[in-house]
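Student: Take the given structure of chain A and dock chains D and C to it, following the hints.
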Amino acid sequence: MTPETALSTLRDQAPLVQCITNYVAMNIAANVVLAAGASPAMVHATEEIPEFTPVAGALTINIGTLSEPWLSAMKLAAQTAQGGNIPWVLDPVAHFISDYRRRAATDLVAQQPAIIRGNASEILALAGVAGSGKGADSGDAVEAAEDAAKSLARTSGAAVAVTGPVDFLTDGARTARVAGGSALMPKVTALGCSLTALTGAYAAVTPPFEAARAALAHFALAGAEAEKQASGPGSFQLHFLDALANVQPADLEKAVLI
Amino acid sequence: MTPETALSTLRDQAPLVQCITNYVAMNIAANVVLAAGASPAMVHATEEIPEFTPVAGALTINIGTLSEPWLSAMKLAAQTAQGGNIPWVLDPVAHFISDYRRRAATDLVAQQPAIIRGNASEILALAGVAGSGKGADSGDAVEAAEDAAKSLARTSGAAVAVTGPVDFLTDGARTARVAGGSALMPKVTALGCSLTALTGAYAAVTPPFEAARAALAHFALAGAEAEKQASGPGSFQLHFLDALANVQPADLEKAVLI
Amino acid sequence: MTPETALSTLRDQAPLVQCITNYVAMNIAANVVLAAGASPAMVHATEEIPEFTPVAGALTINIGTLSEPWLSAMKLAAQTAQGGNIPWVLDPVAHFISDYRRRAATDLVAQQPAIIRGNASEILALAGVAGSGKGADSGDAVEAAEDAAKSLARTSGAAVAVTGPVDFLTDGARTARVAGGSALMPKVTALGCSLTALTGAYAAVTPPFEAARAALAHFALAGAEAEKQASGPGSFQLHFLDALANVQPADLEKAVLI
Numbered sequence: 000m001t002p003e004t005a006l007s008t009l010r011d012q013a014p015l016v017q018c019i020t021n022y023v024a025m026n027i028a029a030n031v032v033l034a035a036g037a038s039p040a041m042v043h044a045t046e047e048i049p050e051f052t053p054v055a056g057a058l059t060i061n062i063g064t065l066s067e068p069w070l071s072a073m074k075l076a077a078q079t080a081q082g083g084n085i086p087w088v089l090d091p092v093a094h095f096i097s098d099y100r101r102r103a104a105t106d107l108v109a110q111q112p113a114i115i116r117g118n119a120s121e122i123l124a125l126a127g128v129a130g131s132g133k134g135a136d137s138g139d140a141v142e143a144a145e146d147a148a149k150s151l152a153r154t155s156g157a158a159v160a161v162t163g164p165v166d167f168l169t170d171g172a173r174t175a176r177v178a179g180g181s182a183l184m185p186k187v188t189a190l191g192c193s194l195t196a197l198t199g200a201y202a203a204v205t206p207p208f209e210a211a212r213a214a215l216a217h218f219a220l221a222g223a224e225a226e227k228q229a230s231g232p233g234s235f236q237l238h239f240l241d242a243l244a245n246v247q248p249a250d251l252e253k254a255v256l257i
Numbered sequence: 000m001t002p003e004t005a006l007s008t009l010r011d012q013a014p015l016v017q018c019i020t021n022y023v024a025m026n027i028a029a030n031v032v033l034a035a036g037a038s039p040a041m042v043h044a045t046e047e048i049p050e051f052t053p054v055a056g057a058l059t060i061n062i063g064t065l066s067e068p069w070l071s072a073m074k075l076a077a078q079t080a081q082g083g084n085i086p087w088v089l090d091p092v093a094h095f096i097s098d099y100r101r102r103a104a105t106d107l108v109a110q111q112p113a114i115i116r117g118n119a120s121e122i123l124a125l126a127g128v129a130g131s132g133k134g135a136d137s138g139d140a141v142e143a144a145e146d147a148a149k150s151l152a153r154t155s156g157a158a159v160a161v162t163g164p165v166d167f168l169t170d171g172a173r174t175a176r177v178a179g180g181s182a183l184m185p186k187v188t189a190l191g192c193s194l195t196a197l198t199g200a201y202a203a204v205t206p207p208f209e210a211a212r213a214a215l216a217h218f219a220l221a222g223a224e225a226e227k228q229a230s231g232p233g234s235f236q237l238h239f240l241d242a243l244a245n246v247q248p249a250d251l252e253k254a255v256l257i
Numbered sequence: 000m001t002p003e004t005a006l007s008t009l010r011d012q013a014p015l016v017q018c019i020t021n022y023v024a025m026n027i028a029a030n031v032v033l034a035a036g037a038s039p040a041m042v043h044a045t046e047e048i049p050e051f052t053p054v055a056g057a058l059t060i061n062i063g064t065l066s067e068p069w070l071s072a073m074k075l076a077a078q079t080a081q082g083g084n085i086p087w088v089l090d091p092v093a094h095f096i097s098d099y100r101r102r103a104a105t106d107l108v109a110q111q112p113a114i115i116r117g118n119a120s121e122i123l124a125l126a127g128v129a130g131s132g133k134g135a136d137s138g139d140a141v142e143a144a145e146d147a148a149k150s151l152a153r154t155s156g157a158a159v160a161v162t163g164p165v166d167f168l169t170d171g172a173r174t175a176r177v178a179g180g181s182a183l184m185p186k187v188t189a190l191g192c193s194l195t196a197l198t199g200a201y202a203a204v205t206p207p208f209e210a211a212r213a214a215l216a217h218f219a220l221a222g223a224e225a226e227k228q229a230s231g232p233g234s235f236q237l238h239f240l241d242a243l244a245n246v247q248p249a250d251l252e253k254a255v256l257i
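Top to bottom, those sequences are chains A, D and C. Residue 257 is where the first sequence ends in numbering that gives the first Met the number 0, and the numbering goes up by one at each step. Residue 257 is where the second sequence ends in numbering that gives the first Met the number 0, and the numbering goes up by one at each step. Residue 257 is where the third sequence ends in numbering that gives the first Met the number 0, and the numbering goes up by one at each step.
No false leads were slipped in.
The list cannot tell twin chains apart, which means a pair is met if one copy fits it or any two copies do.
Capping the alpha-carbon separation at 25 Å, the derived lysine to any residue pairs in SDA-like fashion look like this:
no., residue 1, residue 2
1, Lys133, Ala13
2, Lys186, Gly231
3, Lys133, Ser7
4, Lys253, Pro185
5, Lys149, Phe95
It is worth saying that the hints were derived from the structure and are not from the lab.
Excised from the complex, chain A in its bound form (with noise of 0.2 Å):
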């Protein structure tokens, strides 16, 4: 499925995305979803997660601000997911700061999702490769992540998208690059997780490779869209959302270079 004919989709669909988020992105990935046309859901309790899940169109778990009681509500999600062939999608935030991060994002990996999005940081840690990454901040370029995504992909049977300037994309065998986007873009908190939260609602109506590239390609014409207007960052979070609802399904074609 094309990009465009995934955000004709999207739209006609509005799917139920569970996002299981942290809380600087919740409010903010919610808006991304709906601005593009889908329909989040944030719920983690554990007590209604097993009669949830099973009715999403897909699932994002985002592991950001992590604590015990959410853990446990992602690795229960992650399972009746991979369970009942639900697509989800994993944001591994920062998993190289700590030993209780780097497990949680093992556990999570083990539930097979269906696309990792991480910076390229993020996804050489992951991958066993040491890299140069400072809080949330990615301190290595895409480029340099590359062979890790693939070797990640391999092993995880995940699409994996590596996000900066220019995104790189691959599911071991396919790869693809979405240039775009804006500076200003890592000057906004939550960007990246919001983006994983939209691969979400992609991955609700075409498979996993095809999400990633039409939502790494959304992204990508929204962020070049709003940079035109902005002044500084708060005007670029506004202009960001309003360009994620203006873009039409035709413009997605754009955006890939490859």
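Tutor: Only chains D and C this time, still in chain A's reference frame:
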């Protein structure tokens, strides 16, 4: 009390409103209450509810992003408010998605909220009628929930507000409809939750039916005003907060249809 | 270090600032720190604090939306920071509203914060003087809290910042006052909490008194700049983030009165 007088009183008194709401809504709901002219307090620790709730002007409870520690806090706060004659407002977000949430909503209704606010699917389900809700979105028309709202108002003793393109409000005897707003409102996350918080602010200064009517009118007018200047959901949110602050008391009369 | 040099240094080093803050502030505080030029990390799991806090440039703790698991994390992080000579900043939000919160604030002060930032009512109460605060709002003038701030600075060893229309800062010996800002600032939720986070960013690059002075100056200038373009609290927030990013180091000298 007319909506006009209610808004004047709200701005004069700047009542303290305790809001126990979900993670998605926390920031925008506080900003909505502040912009309108009241003072929000996001307090949910069971350790401080017995001391804090009795000094609040009103309490609002929203069960989005529910989990066990929060549910305990909600029940204690509702009980404390009810025992202390503090009016409180219930927002039974998507309570039909799981047994866990359904029970939570039912248990909270038993604590005699002064006002219940929800979309049509939520109010239908709370009145025991099958609806077509999906996640946090309503799958039913407001008109289809009018009888359910009246029935719920009579059995619960609460004023019941069903929000949508034209809002419906009833206390079982009286009814009101409020028009206005914007088609962009469902594209911004947690605006319904924020309306619940604002309803609490009004409930601190005027009786339940009048409070809900004033809050609906204030929201509808600010929404219509914001739409004039918005280019999408991002810019809508910004203009909406500005409009909530800039609406004058006399304007509120324009919004109420019946 | 002058505010000018402090901001240049902050932007050169982009220090990692661990922020344990409330749910309302989480997103806007991260955006404020990012816009200013530093790198926020919202990390609060007790499982990773022993490993993460020692690598942060500074730590900030804000007790809004307090609950027991968060209080444990705050105490552990404060202790870890104090033991590792990591400067940390305390924001005792509304600590006078309950015994629970009062004890939390007192226990945290005992962990030797480098800086304490609060409104007049919060600083008065922390110094043991009765004030007139209501929820998160100050009911007292900054001027009325100057003696309390000096006394608190001497007993705690912290630089104490009392924020309001004109901010007051003291380390018990030196004092400074910072003017500017905007009357719209109290109409946007969590801006005070975000100032605390920004103060932490400066504390990572310069000693406490200088750090607080630079943060106050940066905030005041950005606030005054944003007000020029704002039509209400919604647009203010957007222009404020833009202005935080666009303020140049040399501008900071203009804000400090004494």
